[in-house]
Amino acid sequence: MGCSSGVYRRHAGYAERTLDGFRERAELRGLRFVHRPCEGTYDSAAATLGRILADRPDTTGFVVQNEGAIGPLLGLLRAGGRTVPEDVSVVAVCPAAPAEQHAPRLTVVTAPSKELGQLAVDQAMARIAAMAEGHEPEDELVLMPPELVVRESTAAPPRRGARRAERP
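Taking UniProt numbering, the leading residue of the sequence shown gets 1, the next gets one more, and so forth.
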């Protein structure tokens with residue numbers, strides 16, 4: 001479940017880079033995936049999950065790049081009889097703190113927040129200094145490697161059909 005549709009219409013770099021990187025790595029590993037924007041509300045998460053499971057009922061994992069959709073997704077999966085991580089894995093692309101507030105605690109892909117904060121301050125100060133000297137500030141794109149923190153929400157995919165066969 002991706003960011004809201006408006007984020008993609010604005011061509012937000014972080015959303016597009018995340019999707020492009022995910023697509024590239026999935027293809028390298030021979031994984032099938034479907035990308036669906038989600039507005040981050042319960043109703044949107046329910047509709048998005050419904051579409052995903054209607055198209056691909058054997059889905060074994062979700063990567064969620066929308067903090068607002070995480071809680072609804074987990075609740076909807078439980079209500080639908082799917083447990084995390086036994087039936088489906090969930091990975092959140094968000095800061096670490098929100099991922100720790102769910103049960104199970106979520107595996108997360110996050111940015112190095114301390115380094116990002118320092119970089120933001122450094123760039124702001126460089127812009128201020130350039131403007132004070134009468135120069136046009138230069139924008140600099142700096143990409144920082146994400147961090148993967150594996151927690152309780154991911155596991156090997158279940159054997160095909162095992163979930164339905166093992167449960168009464």
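To be clear, the hints were calculated from the coordinates, so they are not data collected in a lab.
Cβ coordinates follow ideal geometry from the N, Cα and C atoms, glycine included.
Some hints here could point you the wrong way.
[As the list claims (entries may be wrong)] Label-pair restraints from in silico Cβ distances:
no. : residue 1 : residue 2 : range
1   : Val149    : Arg56     : 22 to 30 Å
2   : Glu16     : Glu67     : 14 to 22 Å
3   : Asp122    : Arg159    : 44 to 52 Å
Subject >> Hint numbers not upheld by this structure, sorted from lowest to highest >> reply: Checked against the structure, no hint fails, so every one of them is satisfied.
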